[in-house]
Structure formats: C-alpha cells, structure tokens
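Engineer: The primary structure of each chain is shown beneath.
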Amino acid sequence: MKRMLFLAIAAILAAMARAEETDAAIPPGSPISPGDPAWSELSAGLLQRTAVAADFTESRFFSFKKTPTILQGEVRVSAEHGLSLHYVQPEDHTVIIDERGVLLRSAKGDSIPPAEPDAGAGNDALLHALRLDLGPLAKTFGLFGSRTGAVWTLVLVPRAADLRRTLGRITVGGEGAAVRRIELRRSATQRVEISVQPPHPAAPFTAEELRRYFR
Amino acid sequence: MTTRKRRKWLGASVLGAAALLGAGWLAWIDLPRRISTDVLDLLPTGERSPELGMMRSLASESEARVMLFVLTDGAGQPAPQGAAGRFAAELARQPDFAGARALDEAAPFDALGRRLFELRFTLLFPSWLRERAAAYAATGGDQDHFADWLAGDAAARLNRFLGTPEALPYQDALPADPLLLAPGLIERTQKGLALLQSPVSSAIAAPTRVWAQIAVSPLRDEGQQPVFAAIEKALASTRRVYPGVSIAYTGVNRFAAVSRARIRGELGWLNILSIAAVLAVALIFIRRTRRALHLAPPVLLAVLGAWVCTTAVFERVHILVFVVGSLLTGVAVDYGFYLYMQAPGSPGEDYWDKVRRLKKPLLSSCFTTVAGFALLLLSELPLIRQLGLFVAAGLLCALAGAIVYFSILDDAFLEARAFSGFRGGAPATRRKVRVVLITLWFATLPGLLLVRWKDDIRDMEIPSPSVEREDARIRALFGGASVQTVYLTHGRSLSEARDALDRFETWLLAAGGGARFANLGAIIPTEAEHAEALRFVRQHPEFPARLRLALAASGFDADGFEPFFTAYSSFAAHASGADLDAAVRSLRSSLAGPLSLLLHAGQPQSWFVTLASHAPAETPPAATQTVSADELQSLNRIFGRYRQSALQISLAGLAIVGAGVLITYGFRDGARIFSIPCGAALGLFGLFGWLGHPLNLFHVLGAFLGVCLTHNYSIFSVSSAYRREPPPVSVRLSALCAAGSFGVLALSAIPVVHALGETVAMMVLTALLAIEFEHFAAIADKK
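Protein sequences appear in the order of chains S and X.
Reading the first sequence from the start, the letters are residues 10 to 224 in my numbering.
Reading the second sequence from the start, the letters are residues 926 to 1708 in my numbering.
I should point out that these hints are in silico values taken from the structure, not numbers from a laboratory.
Fair warning: there could be bad hints in the mix.
[As the list claims (entries may be wrong)] Some chain X residues close to chain S (C-beta under 10 Å, calculated; not the full set):
1. N1084
2. R1085
3. A1092
4. L1093
5. D1482
Positions of the beta carbon are idealized from the N, C-alpha and C atoms, including for glycine.
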C-alpha cells in the first residue's frame, strides 16, 4: 500500500502542475534520419568520449518574469552513468538523469521528483541527444538538423501532440564532439537555455566524482 | 396403564417433544448465517476501548477489504498497463467490488490533484500562513507590518523557487500560485514521500498492479467465493483483449477462505475421532456394548440443547464454540455413565429410588459446574460468553436428559467388565506410587513462577504457509514490506482528530529517533489555522496590492499572476468557517484507491492515518488520541487483557465450585475433594512452566473446564469411598473418554484448540491417577 500511496501523491502533485497548451515554433534545419552517415560520424565521436565535464550557464525564461533566472554550474556526461547537472549558483544542488529516471540531490538529501510520463520522455530524449543516438529518438521525436563545418544543431520535435504541448522542443547544439548548447523551448516566453563552456581536459571521473554527482 | 408405564410414556413424550422443538428451532433459523468464522466476531461489538472499536471498524470497513493484484503476461513479465486498466474496470463493474483501479492510472489522481488545487486557499493557505507567521515572529517584527513583510517574503521566495529543479515542471501553475502553496505542500511532505517510496519505484520494469476494494467484509461468506468468482470473470474478460494475462492476488478473504475450509474440515474429523475415542473406551469397559448405545441419547440431547440455547441468545456464534463445545460430549456423558452404570442399591431397586440415592453427587457436580461455566457469561469476550452458555446449557440438558431417558428403559443398569488387578498392585506399591506422585506434584509447583504467557490472535487461525508466502511476495511488489508503523489518530469529529494529529506529530518529533512520517495533516489544516487564515484575509485587505508591488519590485510581471489575484479576492469575499469541513469532505470523496484509507470522516469516530518509520518504541500518550494500528499487536494486547479477565472469572468460578463442595461435604472432605481439581491444575501449569511452554487464554479456559470435569470425578469417587468401595467404574470410563476426546483436540492444527485439548486431557489423566491411587482412602478409613 505504501508504494501505491507514494505514486498516488506523486501523481497528484504532477497533476497540479500540469501544463496548459503551449506552442512550438517551426524548427530550423532539415529533417534527418537515424541512419544519416554524417550524423553517425558525429555520434561516433561523442560516444568515444565516455566522460565529459564542463561549466554551464542556464537561463530560465518564465512568462511572468521580465528577466531570466540565471543558474550556473558544472555538467558531467558519463556514457555509463548518464547526465549530471551540478548547480552551484544560486543554490547548490544536483540533478541526475540516468536510465532509472531523475534524482535530485541537495544538502537535504536525495529525492525523486513525482513520476511524470512526459518528463520521463524528456529525460530519455536528453540522454540520447547528448550521444546523438538518433535511433531511439526517432521513435518519439521528429528529427531536424543542420551542420556548418564542425558546428551542428539537432532539433527534436515530439511527434505526439500531448508531448509537444508539455515538453515543447528540444535543441542540442555542438561543435565537433562537444555539446555547447541545449534549449528546452515551450514558447518564446517559456524556455530554458543552457550554454555549455568548452569541456574540461578529458579525464575519467574519479570514484569521488561518481559518488557525488551520479547514483 | 401402570404407574411405571405412565412414567415411561411421559418421559418419552417429554424427550420427544424437546428433541422435536430443538430440531425445529435449528431448522427454522438460518443456521449457516448464524455461524461465524470471522475472527473479529471474537471481539465484543460494544467494546469499551475506542481503539478496538476503531480498529474493528477500520479492519472490517476499509483495510480488510483491500485486495492487491499483480498482472503478468504469458512470459511471466509485467503485463501491459492497458491490461491492468481493463482488469480494474472489469472488477469495478462486478457488484462484489466497491472499486478497483490500476495503480499507475493517472486520470483519477489527476482529478484529485485538480480538486486539491481548487481548494488550495481553504486547505493549503492556512498552513502556509502559520509557517510564515512563525518565520515573521522569529524576526521580532510587529503585527502592523506583517502584511508588508509577507508580500516581500512571498516575492523573494518565488524568486528563489525559480532557481530550483521543481520550478520547471510547476511553471504553468505559478501564475495561480505565486505563494507556492502547492510546492510548499511538496516540501512539507518531502520526508513523507521519501518514506513512502519503495526501492521498486525506481525500477525499470515495474510490476503491473491493481488495487481493489471489495463491497462486503472479506470474513463473511459473501466476501469470499463470490468475490473469487468475480475475479475469474474479470480475468476472462481481460484475456479476450490481452490473451495470456494471468494474475496473482492477495487479500484477507484468501486467508479467511483457507482458514474457514480448514476449520470446517477439522470440525468434521475431530468429531469423528472424538466419537471413535469414546466408543473405543466404552468397548473396553462395557460388557454389552450394544446397550452402551443408550448413553448416546442424553449426549445428543445435551448437544442439541446447547446449540438451541446458544443460537437463541446470540445472534452470531463463532464456529470455534462448536469446535471446542463439541467436546461437551465428553462431559455430558458423565451423568449417563454415573446413572446408568451404578448397580442397584438393592435387588429390584426402583429407578427413581436410584436417582434419589445418587442425587447428591449428581446435582452437586452438575450445578457447581454449571455455576462455574455460567460465570463465564460475565466475560467481555464473546467467545467465552458463548462457550459458557453452550457448556452450561448443555450440561443441564445432559443431566435432565439422562435422568428422564434412563427412566424409560426397562433395565437402567449397564454392567461393566470386571478387571482383575486393576487397582494397581498391592497397597504398599500403591502407597509408594502415591508418594512419588505427591513428590512430583510438589516438584512442579516452582514451575508456576516460570509460566510465560503468549497471547497471539494468529493462534485462532490455522497457519497457511503457502498463502502467507504469496501474500508477502505480492505485498513486497506493492511496497508494503518495509518496516513502518501505522498510527491512527482519532476524535469524535474530524476537527478534534485533526487537533489531536498536531499533538501526535509534536510528540513524534520530540520523541527523537529521527521518525519520519506521512499523513494528510500536511494537506488538512486545523480549525484554528483555518480561522486564523480567515482573520488574516479580513484584517489585511491590502495584502494583494502589497504583493503586486513586491512582485513587480522583484522583477516579475505582476499582471501575469492575475489568476491568483482573482482567486484570492473570491476567497477573501466568500470564505467562511464552514468551508473547511466542506472542503475536507469534498477532498475525502475525491480520495481514490489507497489514499482513501488515510482519512475516515464519520461517526462515532473520525481518524487520520499516519505512516511512520523509525517510530519510537513507546506508546503515544493518551493526550495524542493516537494508537498504533499494528492490528496484530493491538489485538494480541487485547487478547492478553481478555486472558487476564478469563483468569479472574475462572478463579471466581472455581471459588463458587469450591464453596459448593465445602458446603455440601463439609470442610475436611470438601477440601480433599477440591484438592484434586485444584492440584491437577496447579501441577499442570507448573509443568508447563518448567517446560517453557507458553500459555494463552485457551490454556486458562482448558484448565477451568478440566477443573469442572475432575471435580465431577472427585465427587463421584468420594461417594464410593464413603461406602468403602473403589472409585466407580463410571469415573474411570468417563475420565478415559474425556481424556480420549480432549486428546483428539490436542491433535488439532488450530493452536488454541490444541491448547485446550492438551490442558483438559492432561488434567483429567492426572486426576484419574490421584483417584486410582487412593486419594480418598483417608475418607473411607474415617467412616
């Protein structure tokens, strides 16, 4: 019964926060397919880097706020352990996204946010997009992309209207084998832009880093 | 017609009429409906303790009706969620089910979430205001500036919130909730959510689960087989769309059904074995066994009378009364043995002269035993009351039946076989054995100090390991396996219960040990908090304007929060003290599935359920109006109380029996007579103490029954001792019959029946040994 209660409370909280309909602009770039050789080559480059760390700045735009909310921190991408966003400003906390879902870590301890299928789809998308793993993405998203030399942009547009409404559009941009920009865009006034600095020198994560920033 | 013939005709008519009336009564009442296998029927309906009343209500009304299902596909993997939805819908359509839902089905919970959001000002705003007021009080600010501070604080908190991970999924609701009432709820319930979460929740291949509640008590007939049939029907319908789906399920009714079947089975074979044991003893002792069949009618009349009286007085009678009471035969046959096997006092002695001759031992043994059992009617435990009436009524019928029945026989004397050397050897040998027995008896007495009591209500049921294993497996998949404590906080009204919940939470936090808990206290404010919120909105009409200014100053577009300001002004204009109760009832009606168990609003008790981990070992103080809802623990504690009650009543009954004997036989002889039942009981309990054998309520009842039986043997034997005769063969026969039939009970798989059987059988054998080895020789010598 206790697990059911957890799920039930989680569902209630998620329902309270359910989004109203949002729009998504026409994505830039051309449609691409999972087997596209140019993107496969990029993907192979990304997959070779099993541990990447970089600083990032996140700008959150809300419809009811005149200026964005700025957050700063370190992003870590592990081929094995998923994605970790360690925010250091304005508050210290970490968001871990892996195959088991999302985990929030702060000074108060670890917590799992309320289960939300759409959020789960978004997290999965982010994990695959950071590796340019287009096969699984194509099942749920329309894929659009553009490349100019080493600079590339991949845009994911949910195929399902419901998901499109709640998740909006995901854009991942990069240069060579480095992801430099992530945008989660629901509308012009509701979006999150993450600007990633050039990666730190390549080095595997230490045991301490894995313990602190992943699960 | 001669006088003798007239008496016979009259006796036969009386017995025939009584048998017809009794059988007619049992045929007229709906007997199967009147017999209960519900363990809760063993507890009193008008229980003095509210905790038990509440427990009973909770057990029978809500929790006990819950059934848990796990669906798998043909490969044994979790079935698709669609199958769970379909199965739940099919179950809900069945009249035997009050409701069912697939666990991960979002729609009902979404509706509840929307409802809670609609009611946020009534339910969440008061708690929010109390917290903020406490924070303001900590700054030392005065009340005149509270609204200003509150507006600035709200804007600052909103700004900070936007930098948290929770802000993004909640952003669409923020224009209607800049005070963060709903996220505040998340924060308040954070520890509780972590507590409720099981490791399974983050697993990738989560099991497919359905939660359901049946419409009737799982402990009744209609809550078992019809429900299982409805489940099969729903499954068949689901398989039409999802072939290969199979289910595993658990629920109280599964345990109850298995237990009922096994108890019924036991009832059958125990009775057969009991009769076989009595017949075997009779065959050994009685020369003309065909004539021994005359012992049966008084016993049958006794059982019939017991059934009739018990069903006439009690609306529902627990089946254990019949299981245990069926051994009334062992006691009832005593009067037959004694009357039928007493040789005529003189050649051609008239039957009624014989009755007059034997009336003293017959009446004193019967009435003292009946008085003892009648005292059980004062018990607060229904089973004990029912058993008391069953045996007392049965014994009266047995005596009356035996006296009348043997009057219609031409020859009311059944001769026993003669056993040479039956007295156990030479007098010197018997003396030695007697010394050994007395020494052993003294040796057992210190064991009384080692007696351990263990009252476990599970002893009322036959253990079903396979069902228990399946239950544990399924409950683990539902996250029910973690070690937690469930508390019930109750009150005569919802408001009183909510106030008590506040006191309980304070105690829980103060008790230390890092207790974490979850309940609806985070959602439902106290009446005082609600009243304070109403006072605030009336005394501070300027608050919305101040908030607008504060939001603008913090970089927000204040117009973006128009949904909030509209809702707030409506709340401020229309809110009243009655809203809280209405909102809680509205929320309660929206609580679906397992959440519905967290709150009960009704008469005579309302209560909140709190789930806690690392809870203190101590019992919550009375002022918290909270009890641990560990049903087993509570029921065991209450059973322990009943055992003490039964012990007191039994001792009082014993005193009555003893007083009767002392009055009838004088102090010296009476004490000697009474020392047999008392000595047997003390010696046996002492032996149990030495052996470390834990005792329970039914050992006490068994000892009481044993005292009454052995007291009969004692009285019948002393009558022979007065005549310098050995103990009558009827005593041996009766004691061995009782030992055989109660010994059969000791074979029962039901622990309490086993306890009763072993206690009585051992007491009877002990008393027989004492009698055989000339306990009453001293009386005979004096005469």
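Engineer: The structure should be examined with respect to each hint, and the outcome stated for every one.
Structural biologist: Here's how the hints hold up against the structure:
no., hint, verdict
1, N1084, "holds, 8 Å"
2, R1085, "holds, 7 Å"
3, A1092, "holds, 7 Å"
4, L1093, "holds, 7 Å"
5, D1482, "holds, 5 Å"
Of the numbered hints listed earlier, not one is contradicted by the structure.
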